[in-house]
Amino acid sequence: MFAMILRRLLVSVTSLVLLVTIVFFMIHATPGGPAYSILGMHASPAAVAALNKQMGLSQPLGEQYVIWWWHLLQGRLGYSYIQHTPVTRLLRIYTGRTLLLDLSALGLAALIALVVGLVQGYLAERPLGKVIGVFQIVFYALPVFFVGILLIYILSIRLNLFPPGGIGHHGLDSRLRHLALPVFTLTLPIAAGLSRYFGHQARQEYRLDYVRTARARGLSDLRIALHHVLRNAVRPFVTMVGMMIPAVFVGDVLTESVFNYPGLGWLLWRSALDQDYPTVSAITLFIGVLTILGNLLADLINSILDVRVRYE
Amino acid sequence: MPASPAARPAPTPPRLAVEGLRIDGRQQGRAITVVDGLSFELRPGRMLALVGESGCGKSLTAAAILGLLPWGFRITRGHVLLDGEDVLQLPPGAWRRRRAESMGAVFQNPLTALNPTLPIGSQVVEAARLAEQLGREPARARAQELLELVGVPEAARRLDDYPHHFSGGMRQRVAIAMALARNPAILVADEPTTALDLITQAQILRLLNRLQRERDLAVLFITHDLSLVAEYADDILVMYAGRAVERGEARAFFSAPLHPYSRALLGAVPHPAAPEERLTDIEGLPPAPHEYPPGCRFAPRCPRAGTVCRHEPPPPRVGDGSHEAFCHHPYTEGP
Chain Z
1 MFAMILRRLL VSVTSLVLLV TIVFFMIHAT PGGPAYSILG MHASPAAVAA
51 LNKQMGLSQP LGEQYVIWWW HLLQGRLGYS YIQHTPVTRL LRIYTGRTLL
101 LDLSALGLAA LIALVVGLVQ GYLAERPLGK VIGVFQIVFY ALPVFFVGIL
151 LIYILSIRLN LFPPGGIGHH GLDSRLRHLA LPVFTLTLPI AAGLSRYFGH
201 QARQEYRLDY VRTARARGLS DLRIALHHVL RNAVRPFVTM VGMMIPAVFV
251 GDVLTESVFN YPGLGWLLWR SALDQDYPTV SAITLFIGVL TILGNLLADL
301 INSILDVRVR YE
Chain Y
313 MPASPAARPA PTPPRLAVEG LRIDGRQQGR AITVVDGLSF ELRPGRMLAL
363 VGESGCGKSL TAAAILGLLP WGFRITRGHV LLDGEDVLQL PPGAWRRRRA
413 ESMGAVFQNP LTALNPTLPI GSQVVEAARL AEQLGREPAR ARAQELLELV
463 GVPEAARRLD DYPHHFSGGM RQRVAIAMAL ARNPAILVAD EPTTALDLIT
513 QAQILRLLNR LQRERDLAVL FITHDLSLVA EYADDILVMY AGRAVERGEA
563 RAFFSAPLHP YSRALLGAVP HPAAPEERLT DIEGLPPAPH EYPPGCRFAP
613 RCPRAGTVCR HEPPPPRVGD GSHEAFCHHP YTEGP
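Residue numbers (the numbering used here), protein chains in the order written: chain Z, 1 to 312; chain Y, 313 to 647.
Keep in mind that the hints were calculated from the coordinates and are not lab data.
All values derive from a computational prediction rather than experimental measurement.
Be a bit skeptical, because a hint or two may be false.
[Unchecked claim] Covered stretches of chain Z (chain Y as the covering partner; in silico rule of three or more C-beta atoms under 8 Å from a C-beta of chain Y): (1) 120-130; (2) 197-210; (3) 215-223; (4) 228-236.
Every residue, glycine too, gets a C-beta built ideally from N, C-alpha and C.
Take the sequences, apply the hints, and build the full model.
Written out as structure tokens, the structure is:
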């Protein structure tokens with residue numbers, strides 16, 4: 001058990017280092033630079049060079065890379081060129097909003113997936129089960145920005161039910177109303193993907209003999225679904241939910257930019273446009289850490305759910 | 313009322329009577345009839361062996377009387393009488409409850425028949441606990457009692473073990489205990505020993521036979537292996553391609569099987585007393601449900617088939633006692 005955790009940790013740290021390294025060099029490889037974002041597109045080369053020197057961007061890239069790691073080990077994530085703020089402070093402000101949005105969406109999606117998946121597994125080959133399958137593919141394939149814009153057009157502009165963007169500041173009601181459309185938009189594709197996966201899982205469980213013996217004993221369909229099928233199908237599902245975290249963040253970047261929702265995704269999008277290296281690197285690292293923690297958590301939940309002692 | 317000394321005691325009424333059962337379904341978009349005109353009775357304390365090759369409809373028959381037909385298959389004709397009541401007329405919920413309290417079922421694969429994530433004690437009594445609202449302690453006591461009944465050693469210690477702690481044979485015992493939890497009058501065993509080794513097979517058969525006698529169970533034993541049930545079955549029903557081809561009391565059946573198919577089934581198993589004797593195997597394969605021939609369905613593979621066999625469905629031919637075959641050219645002498 002201990003060796004397993006150690007091995008997982010080692011793999012995680014290695015992948016984090018790789019991730020950050022790739023992002024660091026990729027973002028520096030793109031033309032332009034933060035100096036142009038600060039001084040404007042028509043800044044004189046001399047002014048750009050001076051600013052770059054001041055920000056430490058004139059040093060060789062390898063040296064910058066080493067310095068970045070040196071600072072990171074000291075707990076310094078750098079200073080945003082554009083926002084004129086330490087990146088740690090930015091993370092403090094933006095992370096909570098993103099976690100609220102992403103975790104609501106992931107939790108809601110997981111719940112929907114469990115219900116839809118069990119129904120789908122139960123219906124199996126029946127027409128209704130196939131209809132559910134078609135909807136899953138459609139909702140999974142619909143791009144977040146398309147759904148987002150459609151919802152804004154219908155529910156905000158036409159029907160005036162929800163605010164089209166922002167986060168709201170005045171009380172819980174306003175905050176929830178601002179959260180509704182982004183959460184729904186982000187939930188849709190995740191729920192579609194997860195429920196398709198779980199529906200498949202549940203269907204395979206429903207084919208197994210223990211379900212037939214449960215039926216033969218006269219247990220009700222609800223009892224069989226919740227007490228037997230769910231119990232067996234939920235463990236791979238937990239792993240799957242953990243593995244969805246990066247996909248959720250990809251959707252989050254799009255959702256936050258469509259709804260102008262100031263979270264990490266929105267910040268990443270803005271910072272990438274402005275080539276704000278420290279901010280982009282820090283968010284990437286942070287999301288990487290969150291993903292790994294999420295997967296570890298999924299494994300932990302699974303080891304608690306696993307009643308079987310490994311014997312083979 | 314004075315009984316005349318010659319009057320035989322009235323036969324015990326059947327627990328379950330199936331009359332003219334027909335099951336229709338769909339396969340690759342084609343409508344098919346998988347079981348047609350099947351009738352049999354299950355009586356207390358007796359074992360009926362339903363015998364046939366795979367695909368002959370025997371498992372679907374079991375599924376039909378257990379209410380477990382897969383989606384797309386329906387009973388389209390006939391009656392299933394449970395203690396004289398036609399259960400097919402009942403609303404689904406009532407039928408499910410009726411079934412649960414009067415029938416138990418054991419299936420082929422003991423490795424998958426138990427839920428791997430629940431301790432066996434709670435699984436064995438789950439249905440009884442829900443139906444009778446048993447408390448925790450009485451439920452445990454009942455589980456222990458049932459496991460002892462089917463011969464699980466040290467039952468008290470094993471209640472909290474999970475299925476993977478048990479061997480295949482032990483799991484089948486647990487499955488039998490589970491089937492008996494609500495003290496049913498009928499036990500349906502669908503190839504319960506096929507997945508087990510020979511010694512375990514014999515043990516499970518002996519166990520079923522003991523339970524049948526002790527509890528006066530009406531047992532439907534489904535198998536493809538006639539020799540397996542020769543020792544224990546009271547009645548035999550041989551099916552071929554969705555229809556009964558021969559049925560009768562086991563003793564009469566084994567002393568002189570009438571139908572060529574029954575003889576072929578018996579001949580396809582080596583006899584330990586005469587191992588050098590050549591096995592008579594049956595040429596070809598049983599037909600699929602969408603290509604059942606007119607006339608006798610066994611005719612294309614039958615060594616005795618004549619012209620009439622290919623055109624006219626065979627009538628019942630009575631042998632001695634309550635033993636009959638559906639055949640134009642049955643055997644008349646012993647094997």
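Each hint, compared with the structure:
Residues of the region 120-130 of chain Z lying with their CB closer than 8 Å to a CB of chain Y number 3, which satisfies the three-residue condition for coverage. Check result for the region 197-210 of chain Z against chain Y: holds, 3 residues qualifying (beta carbon to beta carbon below 8 Å, three or more required). Counting residues of the region 215-223 of chain Z whose CB lies closer than 8 Å to any CB of chain Y gives 7, which reaches the minimum of 3, so the coverage claim holds. As drawn, the region 228-236 of chain Z meets chain Y at 3 residues by the rule of a beta-carbon pair under 8 Å; at three or more, the given contact holds.
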